[in-house]
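Engineer: Residues per chain, in single letters:
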Amino acid sequence: MQNRNQTISIKRFGKYAISRLEMNYKNLLITAATASLIAFFVLSVLIIYNQGNWHGGHWEIFLVVSFLIGGVQYIGQAFPMLRKKEKMLLFYLAPASTFEKFIYELFERMGLLILFFPVLLFGTGMLTIEVTNLIRNYLGLHSELEPLSINYSFEIFSPGALSQIMSGIILILSLIFAGTCMFRKYPGIKIAFILGAYIVLSSVYAEYIAAEHSWYSVYIQNMELNTRRLVYSATMLIVALIALLYGYFRIKEKEVK
Amino acid sequence: MIQISNLNFGYRPTFQLFNNLSITQEPGSITGLLGVNGSGKSTLLKIIAGLIDAPQASIKVMNKAPFRRYPSFLEELFLVPEDFILPEITIRKYIKINAKFYPNFSQEKLEEIIFQFGINTRHKLTNFSHGQKKKFLIAFALSTNCKLLLFDEPTNGLDIPSKTIFRQVLASSVNENQLVLISTHQVKDVENLIDKILIINQGKIVFNQSLWDVSEKYAFTTSTKPEKENAIYQEPSAGGEKIIKPGNGAPSTVDIELLFNAVIHGIDLN
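Protein chains in written order, with full-length UniProt numbering: chain A, 1 to 257; chain B, 1 to 270.
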């Protein structure tokens, strides 16, 4: 009980989380505003480029790509206090457990990203459509652009395919988050490089070696498509969890020399 | 409060900073941790604070293994490092955010020390000079009333009046349940402040005595010419020679710098 209380206490975690949010809320608001501005600009360009064939479902590709790029950028900056020795002191000497500090960072990066970034993008997207329609009306083009739709993905992707996409994104973000626990300098770039190399190597392996020789491949090929996708999703989520656990232990054992 | 035994540690396998270093320190004192540059004073403080792991040694600080970094350990320890970065917020906000983590924090004490140091609490910490930031951090550390206070070169960057105030506030702020460990190579700055001396040299604690014991055992005198007999250690100074002689049991004023030099030159004064 004593040891458990030293690892996690709701009261202490709340105190720590509030103190971190009090310190960081301005940065978070600036990050959100910057992301909105960039999304507004990019979506405007996409709408102008596709104005003849704009479809309410087009934005979903934009959503996934933005989520991935924004997520990599935002999560790649996790644990900013570990980038400098002087700040590391403050991080490790703050009276909360390392687990609580890790969970808070996971919440601030992955949690806020997953909860708010799609909403932010959707809100910005709707605003972009409204602004574009106003401009089109002003220019005498009376046909209104179709509003954004979140149903399109459900129509074109099966639940298995969607879960595979979501799990893939969570895996990539988890690997980047774990990377920020390992590397002190330029963690985002290093992890993106390692991840890229891994994807290339595993694709080569899957395409030329495993597809013909591996018992696993034979086993997986005989599965129904949706079942296979669920197996891939589960595998990716387990790998993501392992990466996060590894990141936690790296933080826990880190020294401030 | 601090029990360290058989501490062997080095940043490189080829160079051991500590060789079987052992210390025991009890609460109720302001202890000066003295040593030449690079002797490992800051590293020792970091090991005590749980920032560096030394798995082969037996280390207990407040009955806990420091590197486990338990919250109950961290809320009773405050380290003022030599170099630090403070967040870009006002002093008031810093206090509001951080004070709640320390169960014995005293707002009145903080205000009193801040007043003595002449710090303006409305300013942002980033607008302060390094010396002003350090004074604030020292004030905050003392106000936490933590059982263990660690100061790494606290007088570096302080002006002369602030050094005097530092000595005054520290001496008046600490109680018998606390242990204050001050690492410094500026021996003069901690004179009239510390009541125990630890000297670290070549990987070992070579001196560990209370100033009271030293003042009874030894006499610290000056002379216009070198002593031929009876001097344990002597060195030239502006007025002639500074000398350590065996004491006669009556307490004398300890010249910490002379004592430090004697120990570093291999004189056994334990």
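By construction, these hints were calculated from the structure, which means they are not laboratory data. Incorrect hints may appear among the rest.
[Stated by the list, open to error] For lysine-lysine, the following DSS-like pairs were computed, each having C-alpha atoms within a straight-line distance of at most 27 angstroms:
no.: 1; chain 1: A; residue 1: K84; chain 2: B; residue 2: K242
no.: 2; chain 1: A; residue 1: K26; chain 2: A; residue 2: K84
no.: 3; chain 1: A; residue 1: K15; chain 2: B; residue 2: K64
no.: 4; chain 1: A; residue 1: K11; chain 2: A; residue 2: K26
[Unchecked claim] So these bits of chain A aren't anywhere near chain B, every CB distance computed over 12 angstroms:
no.: 5; residue: Y16
no.: 6; residue: L63
no.: 7; residue: Y92
no.: 8; residue: N151
no.: 9; residue: L195
no.: 10; residue: G196
Please read these numbers as outputs of a predicted model, since none were measured by experiment. For every residue, glycine included, the Cβ atom is placed at its ideal position computed from N, Cα and C.
Engineer: Confirm or reject each hint.
Structural biologist: Each hint tested on the structure:
1. A C-alpha spacing of about 45 angstroms is found between K84/A and K242/B, which places the hinted pair above 27 angstroms, so the restraint is violated.
2. Between K26/A and K84/A the alpha-carbon distance is near 21 angstroms, which keeps this suggested pair within the 27 angstroms criterion.
3. Using a Cα cut-off of 27 angstroms, the hinted pair K15/A and K64/B holds, with the two alpha carbons roughly 23 angstroms apart.
4. Proposed proximity of K11/A and K26/A is supported: the alpha carbons are some 24 angstroms apart, at most 27 angstroms.
5. Not every CB of chain B is more than 12 angstroms from the CB of Y16/A (nearest about 8 angstroms), against its label as outside the interface.
6. The Cβ of L63/A sits about 34 angstroms from the closest Cβ of chain B, beyond the 12 angstroms cut-off, so the non-interface label holds.
7. With a closest Cβ-Cβ approach of about 6 angstroms to chain B, Y92/A is found to fall inside the 12 angstroms limit, against its non-interface label.
8. A cut-off of 12 angstroms between C-beta atoms confirms that N151/A is not in contact with chain B; the least separation is 44 angstroms.
9. Against the 12 angstroms criterion, L195/A stays outside the reach of chain B, whose nearest CB is about 30 angstroms from its own CB.
10. No Cβ of chain B approaches the Cβ of G196/A within 12 angstroms, the least distance being about 33 angstroms, so the stated non-interface status holds.
Consistency note: the structure conflicts with the earlier hints numbered 1, 5, 7.
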